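J.: Read off the chains here:
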Amino acid sequence: MTIAQTQSAPSVDFDGILADVHRIGRDVVQPASADVDSAARFPAESINALRELQLLSAYVPAELGGMGLDVVEIGRICEALGHYCASSAMIFAMHQIQVACIVHHGRGARYFDDYLRNLVDQQYLIASATTELGVGGDLRSSICAIEVDGDRFQLTKKAPVISYGQYADQILVTCRRARDAAATDQVAVLVQKPRLEALSSWDTLGFRGTCSLGFVLTADGSTEQVLPVPFDAVLSQTMHPYSHIVWSSLWLGIAADAVTRARAYVRGEARKNPNLPPMSSLRLAEVDVVLNGMRNNVNAAAADYRRLLLENDPAAFNSFLFATRINNLKLASSQLVVDIVGRAMLICGINGYRNDSKFTLARHLRDAYGAALMVNNDRIMAHNATMLLALKEA
Amino acid sequence: MTAQKVREIVSQHGRLSVPVAQLPDEGDLYGAGLTSLATVGLMLALEEEFDVEFPDNMLSRKTFGSIASLASAVEELSGRRASV
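In order, the protein sequences belong to chains A and B.
Note that this note's numbering numbers the first sequence so that position 198 is 198, with each residue one more than the last.
Add 1000 to a position in the second sequence, counting from 1, and you land on the number used in this note's numbering.
Since the hints were derived computationally from the structure, they do not count as laboratory data.
Incorrect hints may appear among the rest.
Said to hold, decoys possible - Calculated cross-link-like contacts (lysine-lysine; reagent style DSS-like; alpha-carbon spacing at most 27 Å):
id	chain 1	residue 1	chain 2	residue 2
1	A	272	A	358
2	A	392	B	1062
3	B	1005	A	392
Unchecked claim - A short list of chain B residues far from chain A (calculated; beta carbon distances all over 10 Å):
id	residue
4	1003
5	1012
6	1049
7	1060
8	1075
9	1079
In this text, all values refer to a predicted model and were calculated from it rather than measured experimentally.
Note that the Cβ used here is the ideal one computed from N, Cα and C, for glycine as well.
All chains should be modelled from the sequences, with the hints used to inform the complete structure.
T.: Now the structure itself:
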């Protein structure tokens, strides 16, 4: 079992790509963000702008026509988008997680190689259906199973959440390997245009544009669409680390944008009385320490994961040391984003609290509170508590 | 002997989806439903029973893959302790 690591194309100018992301961020993503939030609607214009930049295939290796960006670079794009619209950034991040699962675990299989080439041409958007009604949020067990008949399959899954499901071209769905397989004996299937029957609405505090409704999903297709490795390998080597890295990256973007607003506010205060630094400048210095710590943590985890991918040692991903470390990144960043936005709001005062001020941090704060809940921190903490019982060395 | 005792502990703490009696000593425990988190309870019970400590580098799928690999790990660790 090997993981095919993406190699970036020598011609790729990452600084140029990042500048383009900031350009669409300012021109398209940010202007739409208030309406996306208030209407809880899919940010179609943001995703289309990312499509025009060919960024939905940014992680596809260069030999299949993609940009071959690595996880560190994908994380930086998520962070950049997080400055403008957290929902758009989250949709982009979730899509990249699915692309990474296919790139790492589907490469070499003809169906998935062809699929990745088509992804470059068509700029498909991929959603994910992992949790299931009845399993209590546990990704590592499924009730539903693929029903295989010859080289065809059928699948029905009751998913409490499929973010942007109605807007996706494909959905990567977990299920049991066969009708008689154990609950933990899972595979991931890339289903094409499934039938989706809504089970719930999506009217939440934050991340409103992700449209994360629940659905009954029904799909059929060819057995070639099943990823050729067991889902537990996909999860430990890719889905788990990649998710927490790209999510933390976009939460970093939310936090950094809040601090940018706080800086602008403090500068304004300082201009009124240039000889005496305002009280809030101390608070700004304080929050800058916290933001730096968060950024260093995200960067270090992304760089370590990239290194492990290049070393191509699947056993390294199965270690409790790696799993707890990635969980620690998620726990820390999801709490820090709330802390940092809260500190920025204290600096901006009533101008940060208002919805109608250029310093508003209302959406930042509402979005920030979602971070601890998507894969609930208590569940992650309980997993770490178990794994730490086994680890001897701190 | 060790394998028989390991088998009992796997049966009590492995949370497998099939009866352990149906598995040969070389049978794949992960294939039988062993999860990474369940290996922790299994390891703690083995440490208690055999008075050994699994070092971090032995907490791998290789060690926990089968009753036979667990028995040989336990024997290796007991031998290590006896020779100290």
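J.: None of the hints should be skipped; say for each whether it holds.
T.: Tested hints:
Note on residue 272(A) and residue 358(A): the hinted pairing holds, with a Cα-Cα distance of about 18 Å set against a maximum of 27 Å. Under the criterion of a C-alpha separation no larger than 27 Å, the hint pairing residue 392(A) with residue 1062(B) is consistent with the structure, at around 18 Å. Taken as a hint, the residue 1005(B) and residue 392(A) pair is honoured in the structure, with Cα atoms around 24 Å apart against an allowance of 27 Å. Every CB of chain A lies more than 10 Å from the CB of residue 1003(B), the least distance being 22 Å, so the non-interface label holds.
Every CB of chain A is more than 10 Å from the CB of residue 1012(B) (nearest about 17 Å), matching its label as outside the interface. Every C-beta of chain A lies more than 10 Å from that of residue 1049(B), the closest at about 16 Å, which supports listing it as non-interface. A beta-carbon of chain A comes within 10 Å of the beta-carbon of residue 1060(B); the shortest separation is about 6 Å. Every Cβ of chain A is farther than 10 Å from the Cβ of residue 1075(B); the closest lies at roughly 20 Å, confirming the non-interface assignment.
Under the 10 Å C-beta cut-off, the non-interface status given to residue 1079(B) relative to chain A holds; the minimum distance is some 19 Å.
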